[in-house]
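J.: Given chain A, put chain B with the ligand in place with the hints provided.
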Amino acid sequence: MKIAVCVKQVPDSETRINLAAPAAQLDESGFTRVLNPYDAYAVEEAIKIKEAGGEVEVTAITAGPAAVKETLKKDCLAVGCDKAVIITDPELIGADEMALATAMAAVIKRDGYDLVLTGIKAIDNDSGQLGVLLAEQLDMAHVSTVTKLDLGDGNLTAEREIEGGKEIVEASLPAVLTCQKGLNEPRLPSLPNIMKAGMKPMEEVSCADLGIEVPASLVTVKLYSPPHARGECKLIDAEDPAAAARELARLLNEEAKVI
Amino acid sequence: MLVGGDANAAAAEAGKYGADKLFAAGGDELAVYNSELYGTALAAFCRAQSPDVLLMGSTAMGKDLGPKTAAKLGCACVSDAVGLKFDGAWEVRRPVFAGKCFTDVTWSTATAVVGIRPNAFVMAEKAGSATVENFDAGTAGVTSKAVVKSVAASSGGTVELTEAEIVVSGGRGIKGPENYELIEKLAASLGAAAGASRAIVDAGWVEYSHQVGQTGKTVGPNLYIACGISGAIQHLAGMSSSKCIVAINKDAAAPIFKVADYGVVADLFDIVPALTDEVGKIRS
Ligand SMILES: Cc1cc2nc3c(=O)[nH]c(=O)nc-3n(C[C@H](O)[C@H](O)[C@H](O)COP(=O)(O)OP(=O)(O)OC[C@H]3O[C@@H](n4cnc5c(N)ncnc54)[C@H](O)[C@@H]3O)c2cc1C
Chain A
1 MKIAVCVKQV PDSETRINLA APAAQLDESG FTRVLNPYDA YAVEEAIKIK
51 EAGGEVEVTA ITAGPAAVKE TLKKDCLAVG CDKAVIITDP ELIGADEMAL
101 ATAMAAVIKR DGYDLVLTGI KAIDNDSGQL GVLLAEQLDM AHVSTVTKLD
151 LGDGNLTAER EIEGGKEIVE ASLPAVLTCQ KGLNEPRLPS LPNIMKAGMK
201 PMEEVSCADL GIEVPASLVT VKLYSPPHAR GECKLIDAED PAAAARELAR
251 LLNEEAKVI
Chain B
1 MLVGGDANAA AAEAGKYGAD KLFAAGGDEL AVYNSELYGT ALAAFCRAQS
51 PDVLLMGSTA MGKDLGPKTA AKLGCACVSD AVGLKFDGAW EVRRPVFAGK
101 CFTDVTWSTA TAVVGIRPNA FVMAEKAGSA TVENFDAGTA GVTSKAVVKS
151 VAASSGGTVE LTEAEIVVSG GRGIKGPENY ELIEKLAASL GAAAGASRAI
201 VDAGWVEYSH QVGQTGKTVG PNLYIACGIS GAIQHLAGMS SSKCIVAINK
251 DAAAPIFKVA DYGVVADLFD IVPALTDEVG KIRS
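Sequences listed follow chains A and B, in order. Counting in our numbering, the first sequence runs from 1 upward without gaps. Counting in our numbering, the second sequence runs from 1 upward without gaps.
With the rest of the complex left out, here is chain A (with noise of 0.2 Å):
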């Protein structure tokens, strides 16, 4: 069986945001990237697939600049995928969600695998849509926001999660999975794995090597801002527990008339 795990590297969920006044672009300059939280259950799921035995084999595919190396090395290879493949081609930084699915798809359908899996989104864009359109550019069943798995043979059943429940879904192979919390538990790399990551094998491509043209985003952002200011605090004197809830609730309602 052949895994494929779709990963993003995305700035450090630390990150503040320095945006005085709306801007074209992001000051990226003092950005920590690390491995999208989501794509890091992706990860683990396939390494428990291979564990559990057979004959499996997992690649990491991701589009990016050099520096995703350092990721797809100590967060992807060290904790257990045999191979990467990188797409090199700097229009796919920043791209939309569809740009980087085709370019994906590619490396997918090159290679032919049995099972995508991806995090159910990445938390820079928090757009979420990467894994349904994968799914439908290659053909394949998909279950998004999966929150436990079990594979059958040629097939699957999967949960689901939906607002208020969950959904237990089946599908067949080959599909695409989008990973959710709850999924896994990400193991952390260890040292000498780490040192050993470095001899596995990292592959870059270009589209053109993938026999396609580049694709271009069909959505550009034009311009961030940052969220609207907040006023002062109106800190409530709560020397007398009792007073101070009666104060609040009388405020929510009459002041800023939310209850």
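In short, the hints are calculated from the structure, not lab data. Be careful, since some hints might not be right.
[Unchecked claim] Short derived list, chain A residues pointing at chain B, Cβ under 7 Å:
1) ARG33
2) VAL34
3) ASP126
4) GLU170
5) LEU173
6) THR220
7) LYS222
8) ALA229
9) CYS233
10) ILE236
11) ALA256
Where a beta carbon is used, it is the ideal one built from N, C-alpha and C, also for glycine.
T.: Using the frame of chain A, we list chain B with the ligand on its own:
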């Protein structure tokens, strides 16, 4: 355009909110959500009607159906819109980095699929006179590679976090899982959803479905009450677009007060039950 088992009745309901034309695609095969069938129906609809934008909710279903439909049409797809504007060209505003900043986006295709963040727009009833037209979506013979076998409700609260008008969240300040009840009681008195910081989700005190933040749910209710939550950047990312924020925390230096409109520096074990009583009085 409504796709579903009893689509006509539900489409008529949509007319109350001012739609000029109403379409419905019904049929037994559409009674339960199926990405392939619903996507096929909406793509056929877009080909027939050529809308500028196909709007749908960015809900669990919409987040699955939106990209599915867009991929079938090869058109632009935008998730979680909180603003929508047309002056010669369409522009959508949406949060990125879980709300740490916003982007205004445009697209290059004739039609775009746009998901609307729940609660971001006010619903206003208008007198509508449109009648429902049946739309034959051609889904009758379509097979699907993935099928929903069953649906189970979770044991959690009754109000959905991302759709709630009021959210009451608890953090590590509640000290133990047994005290989450205080948060749930205040939430119940307000008709609110109960949320949580990651700290208490990771501790196993509440289910992940309650987590608010950059790696949980992003919420933007009219009122967000944070109880015993310090206000780490990942938590703030998920809730700072709330219209009114209340912080109850015994540490006056906690960062949550920087985004709060009202703050009470006190022990939540004193304030939260008292507030529940006060809300009860106002509500009755
Ligand atoms: C990759 C990554 C992703 C993350 N994603 C998220 C996310 O999505 N959501 C999220 O919430 N966090 C997230 N975090 C975690 C985040 O960094 C914080 O650790 C977490 O939000 C802290 O939760 P807390 O405020 O409940 O706990 P603490 O920071 O421990 O704060 C507890 C607060 O309770 C107060 N308190 C204690 N006792 C009382 C009392 N009796 N009365 C009143 N106040 C009291 C204290 O003063 C303190 O301010 C993420 C972290 C990482 C690394």
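J.: Are the hints correct? Go through all of them and say.
T.: Hint by hint, here is what the structure shows:
no. : hint   : in the structure
1   : ARG33  : violated, 13 Å
2   : VAL34  : violated, 12 Å
3   : ASP126 : holds, 6 Å
4   : GLU170 : holds, 5 Å
5   : LEU173 : violated, 9 Å
6   : THR220 : holds, 6 Å
7   : LYS222 : holds, 5 Å
8   : ALA229 : violated, 10 Å
9   : CYS233 : holds, 5 Å
10  : ILE236 : holds, 5 Å
11  : ALA256 : holds, 5 Å
Comparing the model with each numbered hint stated earlier shows that hints 1, 2, 5 and 8 do not hold.
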